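Asker: Residue strings, one per chain:
6 protein chains.
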Amino acid sequence: MTRPVTLFTGQWADLPLETLAKKVGAWGFDGLELACWGDHFEVDKALESDGYVRAKRALLEQCNLKFFAISNHLVGQCVCDPIDERHKSILPARVWGDGDPEGVRQRAAEEMRNTARAARLFGVNVVNGFTGSSVWAKLYFFPPTSQKDIDAGYQDFAARWLPILDVFQAEGVRFALEVHPTEIAYDIYTSQRALKALNHHPSFGFNLDPSHLAHQFLNPVFFIDEFPDRIFHVHVKDSRVQLNGRNSILSSHLDFGDPRRGWDFVSPGHGDVKWDPFIRALNRAGYQGPLSIEWEDSGMDREYGVQEALRMIRGQDFAPSSVAFDAAFAK
Amino acid sequence: MTRPVTLFTGQWADLPLETLAKKVGAWGFDGLELACWGDHFEVDKALESDGYVRAKRALLEQCNLKFFAISNHLVGQCVCDPIDERHKSILPARVWGDGDPEGVRQRAAEEMRNTARAARLFGVNVVNGFTGSSVWAKLYFFPPTSQKDIDAGYQDFAARWLPILDVFQAEGVRFALEVHPTEIAYDIYTSQRALKALNHHPSFGFNLDPSHLAHQFLNPVFFIDEFPDRIFHVHVKDSRVQLNGRNSILSSHLDFGDPRRGWDFVSPGHGDVKWDPFIRALNRAGYQGPLSIEWEDSGMDREYGVQEALRMIRGQDFAPSSVAFDAAFAK
Amino acid sequence: MTRPVTLFTGQWADLPLETLAKKVGAWGFDGLELACWGDHFEVDKALESDGYVRAKRALLEQCNLKFFAISNHLVGQCVCDPIDERHKSILPARVWGDGDPEGVRQRAAEEMRNTARAARLFGVNVVNGFTGSSVWAKLYFFPPTSQKDIDAGYQDFAARWLPILDVFQAEGVRFALEVHPTEIAYDIYTSQRALKALNHHPSFGFNLDPSHLAHQFLNPVFFIDEFPDRIFHVHVKDSRVQLNGRNSILSSHLDFGDPRRGWDFVSPGHGDVKWDPFIRALNRAGYQGPLSIEWEDSGMDREYGVQEALRMIRGQDFAPSSVAFDAAFAK
Amino acid sequence: MTRPVTLFTGQWADLPLETLAKKVGAWGFDGLELACWGDHFEVDKALESDGYVRAKRALLEQCNLKFFAISNHLVGQCVCDPIDERHKSILPARVWGDGDPEGVRQRAAEEMRNTARAARLFGVNVVNGFTGSSVWAKLYFFPPTSQKDIDAGYQDFAARWLPILDVFQAEGVRFALEVHPTEIAYDIYTSQRALKALNHHPSFGFNLDPSHLAHQFLNPVFFIDEFPDRIFHVHVKDSRVQLNGRNSILSSHLDFGDPRRGWDFVSPGHGDVKWDPFIRALNRAGYQGPLSIEWEDSGMDREYGVQEALRMIRGQDFAPSSVAFDAAFAK
Amino acid sequence: MTRPVTLFTGQWADLPLETLAKKVGAWGFDGLELACWGDHFEVDKALESDGYVRAKRALLEQCNLKFFAISNHLVGQCVCDPIDERHKSILPARVWGDGDPEGVRQRAAEEMRNTARAARLFGVNVVNGFTGSSVWAKLYFFPPTSQKDIDAGYQDFAARWLPILDVFQAEGVRFALEVHPTEIAYDIYTSQRALKALNHHPSFGFNLDPSHLAHQFLNPVFFIDEFPDRIFHVHVKDSRVQLNGRNSILSSHLDFGDPRRGWDFVSPGHGDVKWDPFIRALNRAGYQGPLSIEWEDSGMDREYGVQEALRMIRGQDFAPSSVAFDAAFAK
Amino acid sequence: MTRPVTLFTGQWADLPLETLAKKVGAWGFDGLELACWGDHFEVDKALESDGYVRAKRALLEQCNLKFFAISNHLVGQCVCDPIDERHKSILPARVWGDGDPEGVRQRAAEEMRNTARAARLFGVNVVNGFTGSSVWAKLYFFPPTSQKDIDAGYQDFAARWLPILDVFQAEGVRFALEVHPTEIAYDIYTSQRALKALNHHPSFGFNLDPSHLAHQFLNPVFFIDEFPDRIFHVHVKDSRVQLNGRNSILSSHLDFGDPRRGWDFVSPGHGDVKWDPFIRALNRAGYQGPLSIEWEDSGMDREYGVQEALRMIRGQDFAPSSVAFDAAFAK
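Protein chains in written order, with the working numbering: chain H, 1 to 331; chain F, 332 to 662; chain E, 663 to 993; chain V, 994 to 1324; chain X, 1325 to 1655; chain G, 1656 to 1986.
FYI, nobody ran anything at the bench for these hints, they're computed from the structure.
Among the hints, erroneous ones may be present.
Straight line, CA to CA, 20 Å or less: simulated EDC-like cross-link-like pairs of lysine to aspartate or glutamate [what the hints assert, rightly or not]:
(1) Lys1472(X) - Asp1218(V)
(2) Lys1803(G) - Glu747(E)
(3) Lys1743(G) - Asp1753(G)
(4) Lys1929(G) - Asp1910(G)
(5) Lys1598(X) - Glu1963(G)
(6) Lys479(F) - Glu85(H)
(7) Lys605(F) - Asp1804(G)
(8) Lys1678(G) - Asp1694(G)
From chain X, some residues computed to sit far from chain V (all C-beta separations above 12 Å) [as the list claims (entries may be wrong)]:
(9) Ala1350
(10) Asp1405
(11) Glu1495
(12) Arg1635
A short list of chain X residues far from chain G (calculated; beta carbon distances all over 12 Å) [unchecked claim]:
(13) Gly1349
(14) Asp1374
(15) Leu1383
(16) Glu1385
(17) Arg1441
(18) Leu1445
(19) Val1448
(20) Ala1461
(21) Phe1465
(22) Ile1474
(23) Phe1546
(24) Asp1549
(25) Asp1600
(26) Arg1604
(27) Ala1605
(28) Ser1645
Bear in mind the structure is a predicted one, so any value in this text is a computation, not a measurement.
Ideal Cβ placement from N, Cα and C applies to all residues, glycine included.
Working from the sequences, and respecting the hints, build out all of it.
Answerer: Here it is, written out as structure tokens:
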């Protein structure tokens, strides 16, 4: 009702933006959150020529679509990660280069600085993304991972990201980490730790996606109430726990969509996220930005699902009250 | 009541075995499951001289303690793992060597073969342990880990462990993997996959420790009923989920004992494991081996706790019925 | 579907009735339950002149709105309560007078008798309201409150309300107590006690509002099944328990709308009330009166909310079956 | 969205088919599942004359209604049951005959063979129905019912139904047992036993109606995943557990619709069935047939309810995904 | 602590009473509830000769065992049941006779009258048992069982049992029906119906065994509070629900002890019965009789189990308070 | 195991201290927490003569009982409460005086100052007690209680208690409020508010009694972790929620012990308090004081219950670990 609803284009990169934008406009969305892959939003081209971003804007306006943020999860992931073959498939060739891990990480860092610059040129002030983490893979403590090891991971994160965030600040753009397993922050305690490692840099905050919290049994309301000023962007995505005593909450090395998994992503409204308290918490935090549907559900047709999700979230979004009820008792 | 109760010595390696054995005997345990670290059971010395194992046996008998298994988790872990600095702290210098990963893995494999040989000399037919895993660290699928990647991990596991298991078979000893996150098998589906990768090698089975299943929300009864012939050994250990909406089931990079963690180990009987159905399932499976207490609880004095755990499990262990009740109605 | 849906005007007294009635008619409500405060329905004016009630009726008819009940919670509250400063703000000056407690209580009692008379003139046969209670504030028993003390409270209630109820009976109007903490009856057992104290006076029954029962963990279905003939009116209002281990079900002296409270009112359909069994129980009880939305939600815009609530309750209200299914098997 | 939605006419046999078909077409259903009682579909008349089935087809086509299955629960029930007076009321006179139990059972068997023949003539390849059971009434084991007794019941079932199923096979029609208490199969284990007794006859499968599983606390998803190739037809019906500590899940000898019962049927969407995972499981199983609403709710007007149920199930039915999401990350 | 604990001998009929009594005395029980089968208590012999009951009493006294009740479930079952082959195995030959159903029922009725006479001779004033039921097997309503059918079942029950109960009354003995599926009463509503059918005959009450209520999801506390004056005897027995989404609460035609069943009997303290509120309810009801352990657990050695159960119930039984606490605040 | 267990004598004031102390010593308690009523500990007499406290000490030592705290709940309650007749019954005549509310409050304040003085003379440094509250009775907000009203209540509390606490500080004694409904603090948020109102006076802390938190659905572990330095004393008492859909969590104006109440006190170990995490939290907070059983259970004999409670809490109390487990892996 009150906030614009956009679609994150990351899972639609198999479609040219022009095709996608026409569909999305027709479905009644208010805007798009462009992914920096496929032909949706190319950072290098945006920096090369004025015409590129003008053309993107024109295309969106033609479809009656607004834009509030762009997203560069894939490159961001490579800033801190131990690099292996899997990263090659998510990077442009110019960032991957010869694949030497440290070289990849440094080129990824430079690309993120360029993403900030491109965002300003495009006219948005939020970039969503991932950070990677050098300690994620040591999650479960055997052989024992000491707090010294973990601390070193957070220092590495700060060392790599602070220079990036300074560029963001200079450009007037903010970076919104999507809190997520595999990242430097995946729950409230690790988010506190990440913020502390960065000395609470003003350009660093969160893209809150409740689907990554629900299957960890976190309450996204508590997350919003803990960091009300750091909610820079919001994803509308859902997940569902489907434990049966035989599978593990750790997913059993099974692909998404395998019904034997302990949890899975589902179309918003079909999962464990409780949207009413989520919206109330956003209202309390004064969040005015878009609700951006990131749609992923291995068991549902995506065009059907995304329209259903749009109706769902419009039905859930409501404005806070401006009346004190007890006051009405007095004349 | 009916099965011997032993103590796993792994968490007591700061004490010389002699000191420990006297205490354990006095507490009323039936035996010990010796860890292959500290001075408890040293594989190299066992192979070097007859006197070593004779002396160990004499010490235990003197304390009125039996022995059914030895355990070599630390070396086993290094057979398949990507090796990093943390592994150095859990290995004997001769296995670590120069720390070159592939060299470490091969020396670890040889040490496991020797462990089988030493076990036979010592007079037990079960070795408990870990296997490590080349794919554990790719648990959460981002960047996407394909099933091809995972399959490669299981093939690596089979390639490294089949030659070890053949030595076990030749020695008449069985290897019991403690099903556990960080290992090649951590739930029912991954245990099926591991067995399949090994073509169901007869010397490979499980050391069932329910504490590693409970916080994954697995039902250990279903595990026993799925693999009744592969339960080679049993640990009595407990864990407890303590979610509060702020922490994650993934543990928030917090140490054991930190009350903010989403789950933790606790003294047996204080956690989420339901021992009555566990014992019934062991009865159904015909498991006759020891119930071996592995005690770990960061919030309780260990000497108090281990005695309480002994009383708890003796109170829970009971023999199956030999009477059909309806039959009693007929004269 | 089958019952008229009205709006209770109590929380809208900041709007003149004319403004409100036009809105409510446009939203598609079937009628209004007028509050006896603001300018919505003034008991003294109704008794003074025929023109007053004719004008009210005309206004409602013009907006296509029916009327089934009026409500006088505020004055009713003062019949039995220990009076303090807070009561001044909810009373007309002529009832408050000099504020002497016993004087206030007696003037409130007289005003309730007049409310019955005004209701008949207006053409409705139900007055909803509160009763107050001299023992509510002694709820939690320390220092010990004896059953003798409590009994005295119910006798005081009977002594004050029986003469009022006799006037109701003479006028052909019924009084419907909104069962509610702070009142003489707030659950099934206290409702039984109140009815017994009144010797089951035929003019005394209940305005069932499930929002006041849900956070006490009462099942409103059991309430309806217990007192099917005493359900004189029904409010559609909702509440939600939001305990987090830190707050209390007793509300921590926090205002409505504070997210730290242990429970709060929410727009109907957003809370803990289960409407399907509620409607079935009303069907069983043969209740034919209005479903009157009392809307209070500190976190939602009220005009948005009240329309959503109207849609919700129309979607939930359904007629009972008139077919015996098994009969259809026989030809 | 993707599957046709039909209405099962069994509970509407008090209406002539012509009356019913017009209503159902107007409500927007895609088709009808005709019951073999009332005048809806009469097996004997269908076999007598070509004109009968042509007229039925014409009537349905005129109302824009398709047909995928017919149903003969009542006669099927009598094939294996111990026959008593209650069966008389559900049978045509020609099948009941003199009521001698074995004669009834044999005439019922012959009628089922004829039902297969009539189905082929009518142009559908599924017949839904019941089987009856000689051992259902010995459900609770006192006096002790031995496994020998139970086995005899399954052998009796096989002996009576195999010849029927052979006729089905010859006619190219399949029989779909509605898994249900009172039948030879009422959960997963008894369905396995029934299939085994029939040597997995290819013409025998299930009409999956989740309302009969929910109050037994079965998960219909597990049923579908267990027998994906045997789901021949699907009913959309719902039930709800309403235990209160005083009633029994065994229903207390109370009629449907009595609020004191431990469980009851309710309009689809008002009960305990979770439709989203149900649809996903049907998608996985590749089930392409109709979703047939069997409507029974003693507390709701049936014409209101059946239209609400149609909207509900259309909103829940969705097509599976044809995109692999991770693939979209790669260009 | 306060009530005697006895053992019901029904499941031990494979042992001669002498053997059993010695064991039971040695285990520390206070007494025995003798079953009227095996050689434990033979009604015909008790009526034949004075010596028989004197010898029984002497044997028990010698073992320091008291007696408060005898039990004749098996014969009682046959008073109302439709008789089939299974009943033969639970009856003495003289009652079974030629097996003609009505003859069996009448001989069973006569045997129950004799049981009352024998009880008086033996010196106890309670006989526990079953009643059978002509309508149990029509439990689930398909083909439709009408309330007329059910009413007929209760009238049959009354017609058969009232003459028996008159003999009980004449002998000063009371009959305690063990409320149980398969009997005329199996929950609160059917117990009300049974009492009403008997016009509340003073000699008819209940042997409350919570294990038969727990898996029906009844609360035994509500049962005691509903019928405080009709609790003539109490069994200490336990059951456990073990649903897994695949099995049914109706037990899947599986034997007791099969782990796939939806519920099973377990040793007292291992199941779903909550003993603390159970004891408090007995205290409220003023029940002073024995707590009689009926032990049945297909997964536990019975001699171990029965001793554990004795310790459990002694630890749970406590006397009510005789102090009003608030009174202690005043001097 | 590690902390002394004492008995609070408040509910035993009907017994002379000498009688009680002998019993308590014989039961195996370590000490007594004397109530300042009955003849247990009389503040006025303690201040009058040296001999009084010497005699008390001698009596306790003779029974082998230690003392760590005294308690004066009754007088403390009257410091802030609106005074009515019920307070007369809990006060010494000299404090009640003429019963004028403000006079009573001031004399109660003076008595609390004297209690601090007497505690020092007796040799304990903790006084447990209540504070009363002028706003408790305005708990549920109708008529609307504004935050201004509530703030005024906390200011009144500070104004009355700060001068008392200054005397405590001067005497080297601390006051421990038993957090409890009816008091100025009854949950975490009101405890924060109370501490803030007192500017965190160092002599003010809490006597943590989990029985008053459990039925409010507070987690006592969160309380301890919130105020680790303010836990001055601990009560071992338990309560149990017993909601049935008909009663209210607000207790329905029913006495303790009435089974219809929504919650009640029960003997420790029989209620909803989870003692294991409670003890762990005390270990974390470094609490070294006594565990003092306050025993109240209207359904159990108190002498039986108090001994059972002693065994229960001794079995639950354990010392924290002094070993870091992972360290044991390294040699």
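Asker: Does each hint fit the structure? Answer for all of them.
Answerer: Status of the hints after comparison with the structure:
1. Lys1472(X) - Asp1218(V): violated, 41 Å
2. Lys1803(G) - Glu747(E): Roughly 13 Å separates the two Cα atoms, so the pair holds.
3. Lys1743(G) - Asp1753(G): holds, 10 Å
4. Lys1929(G) - Asp1910(G): violated, 25 Å
5. Lys1598(X) - Glu1963(G): holds, 18 Å
6. Lys479(F) - Glu85(H): Answer holds: Lys479(F) to Glu85(H) is near 13 Å, not above 20 Å.
7. Lys605(F) - Asp1804(G): violated, 51 Å
8. Lys1678(G) - Asp1694(G): Holds: Lys1678(G) and Asp1694(G) sit about 16 Å apart, inside 20 Å.
9. Ala1350: holds, 30 Å
10. Asp1405: At about 8 Å from chain V, Asp1405(X) fails to clear the 12 Å cut-off, so the statement is violated.
11. Glu1495: holds, 27 Å
12. Arg1635: holds, 29 Å
13. Gly1349: Its Cβ never comes within 12 Å of chain G, the nearest being 26 Å, so this holds.
14. Asp1374: Answer for Asp1374(X): holds, closest chain G Cβ roughly 42 Å.
15. Leu1383: Consistent with the label, Leu1383(X) stays out of reach of chain G, its closest Cβ about 33 Å off (over 12 Å).
16. Glu1385: holds, 29 Å
17. Arg1441: holds, 39 Å
18. Leu1445: Holds, since 37 Å exceeds 12 Å.
19. Val1448: Label holds. Min Cβ-Cβ 28 Å, cutoff 12 Å.
20. Ala1461: Holds, because the least Cβ-Cβ distance between Ala1461(X) and chain G comes to about 33 Å, which exceeds 12 Å.
21. Phe1465: With a cut-off of 12 Å, Phe1465(X) remains clear of chain G, as the shortest Cβ separation is near 27 Å.
22. Ile1474: holds, 27 Å
23. Phe1546: Phe1546(X) is in fact no farther than 12 Å from some Cβ atom of chain G, at 8 Å.
24. Asp1549: violated, 7 Å
25. Asp1600: violated, 5 Å
26. Arg1604: Label violated. Min Cβ-Cβ 5 Å, cutoff 12 Å.
27. Ala1605: violated, 7 Å
28. Ser1645: violated, 6 Å
Against the hints set out earlier in the document, violations occur for numbers 1, 4, 7, 10, 23, 24, 25, 26, 27 and 28.
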